Amino acid sequence: MTNIFKKFIHDIFCISLITWLVYFVLELLKEGLISNYFDLNLLLIFVIIVGVINIRVNYKQYDSR
Amino acid sequence: MSSYKYIRFILIVIPIIFLGYLLYQDFSPSGRLVVDYDFCSLNPFVSVWSPHGRVLDIEKIKIDESKYCQQKMVIDPVYFDVRLPQNFTTARLTVWYQKSSEIKLQIGPAVDLSAWQWRLKDINYARAEGSWQVGIVEYDLVGSKLENNRLHFLVSSHGLDTSGQEIIFRKIEIEFIKEPINSWPDLMERVKGFILFSRLKFLFR
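Protein chains in written order, with our numbering: chain U, 1 to 65; chain P, 1 to 205.
What the hints contain is simulated information worked out from the structure, not anything from laboratory work. Accuracy of the hints is not assured; some may be wrong.
What the hints assert, rightly or not - In silico lysine-lysine, DSS-like type, Cα no more than 27 Å apart, as pairs:
hint, chain 1, residue 1, chain 2, residue 2
1, P, 178, P, 121
2, P, 5, P, 99
3, P, 121, P, 62
4, P, 192, P, 178
5, P, 62, P, 171
6, P, 145, U, 30
7, P, 99, U, 30
8, P, 72, P, 171
9, P, 67, U, 30
10, P, 121, P, 99
11, P, 67, P, 145
12, P, 121, P, 72
13, P, 72, U, 6
14, P, 5, U, 7
15, U, 60, P, 192
16, P, 121, P, 145
17, P, 171, P, 104
18, U, 60, U, 7
19, P, 192, U, 30
20, P, 60, P, 104
21, P, 99, P, 67
Stated by the list, open to error - Calculated Cβ distances over 10 Å to all of chain U for the following chain P residues:
hint, residue
22, 32
23, 115
24, 171
In this text, all values refer to a predicted model and were calculated from it rather than measured experimentally. Where a beta carbon is used, it is the ideal one built from N, C-alpha and C, also for glycine.
Only chain P is shown next, with the shape it has when bound in the complex:
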């Protein structure tokens, strides 16, 4: 029977350790957070693309042994947002897509939604992966205003609807970067940022 208390101790410690792991993930002490959305299933960080009608239903494709999902954009602009646990200074976006060369594609985060200001950048071909084009672009997020801890993105392709063409997206990956925790002041600053992103932010007002 005395050995049972060890079992009870383990049962109590497991959720505490798991909570510590979740807090560590949310804190991002390394200063890096990578989120990706492959359109196959709902993602806790990245929202679905909207409005529906400008993007078509998600298609599940199976070719030989490979399975993937894709979504077509037929009218611009299209929006999605990313839920962030804290502020970051830089975002590196990688997007897998298919389009014809005469169609322009721009993606960018909101700087100030109330003023409808966006930091759009051209998505240019960086490399190919099979039949997919891959574009990589970096954004400076300093000064970007989040709304309810969400960073809004706009996907633009001017003239897409009149051209009758479409852009097919397979996956997006966004790496958010900030200074890693190197010292106690950094840790204090990170804790403050953590609280400012919670309902306890009134403590700092």
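Bound conformation, chain U alone:
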């Protein structure tokens, strides 16, 4: 169960980060395509929070201090 949770968090982070990047590029190509209907800042905040959780959950063993 713990391994599945770790994989889930890692996948959520990767998928949301790639999604944000793709949406950001599309917004640059066509202004309003994303921002008319959805605030990308909310997704960015989500990516950052999940990223921090991902580091704590999946990379804590590399912290040797």
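Put chain P on the given structure of chain U with help from the hints.
Chain P in isolation, oriented as in the chain U frame:
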């Protein structure tokens, strides 16, 4: 563990489906786009009215159980613009306002900003909603030039500043209309229009 791949599949598919929804909204295959601005919060389609000074600060009103926002215009003209995802042929404007009958009100989109040409039309009383007057007017947008995919509107009330009166606006709603997609040529034309409104428009130049 094998069931986890289904979870991963769903996680990947969700943003793709959402992107498809956003593209569908932007494409407007039905040929209709309705935007409204109630002055309460920023709107991605409709800009705030400017310049400040000719319009006063937005007021948030609470009367009994109802809450709404309004903005007063004291000097004319006032401008706002609407960001459009593509070209439309007709716009139907509905505006909720309060003014005295001797004050004239005209609103219209820009035809050619460089030539300062506007397609102004009188906003006449169509119906009442409570204490608010509602005016409806239709514009032909064929030939209107957009600037950075934005259609500029002008709100005019000649002599408003010298009269000492004001016009109060509660809400505007604009319905943009064009031919719906009925065939493959229509779809191709819509895709071309979609690209012309993006940074990829150099492909057609």
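Taking the hints in turn, this is what the structure says about them:
1. P:178 with P:121: The hint holds at about 20 Å.
2. P:5 with P:99: Cα-Cα ~63 Å, so violated.
3. P:121 with P:62: violated, 32 Å
4. P:192 with P:178: holds, 15 Å
5. P:62 with P:171: Judged against 27 Å, a Cα distance of about 16 Å means the pair holds.
6. P:145 with U:30: The given pair, whose Cα atoms are some 18 Å apart, holds under the 27 Å limit.
7. P:99 with U:30: violated, 39 Å
8. P:72 with P:171: Roughly 12 Å between the alpha carbons, so the hint for residue 72 of chain P and residue 171 of chain P holds.
9. P:67 with U:30: violated, 35 Å
10. P:121 with P:99: holds, 17 Å
11. P:67 with P:145: violated, 37 Å
12. P:121 with P:72: holds, 20 Å
13. P:72 with U:6: Violated, at roughly 55 Å.
14. P:5 with U:7: holds, 11 Å
15. U:60 with P:192: At roughly 50 Å apart (the allowed maximum being 27 Å), residue 192 of chain P and residue 60 of chain U break the hint.
16. P:121 with P:145: Given pair residue 121 of chain P, residue 145 of chain P holds - Cα atoms ~18 Å apart, limit 27 Å.
17. P:171 with P:104: holds, 18 Å
18. U:60 with U:7: With a Cα-Cα distance of about 14 Å, the restraint between residue 60 of chain U and residue 7 of chain U holds, given a limit of 27 Å.
19. P:192 with U:30: Given pair residue 192 of chain P, residue 30 of chain U holds - Cα atoms ~13 Å apart, limit 27 Å.
20. P:60 with P:104: holds, 25 Å
21. P:99 with P:67: Holds: residue 99 of chain P and residue 67 of chain P sit about 20 Å apart, inside 27 Å.
22. 32: Given a closest Cβ separation of 15 Å, the condition holds.
23. 115: Fine: 25 Å to the nearest Cβ keeps residue 115 of chain P off the interface.
24. 171: holds, 19 Å
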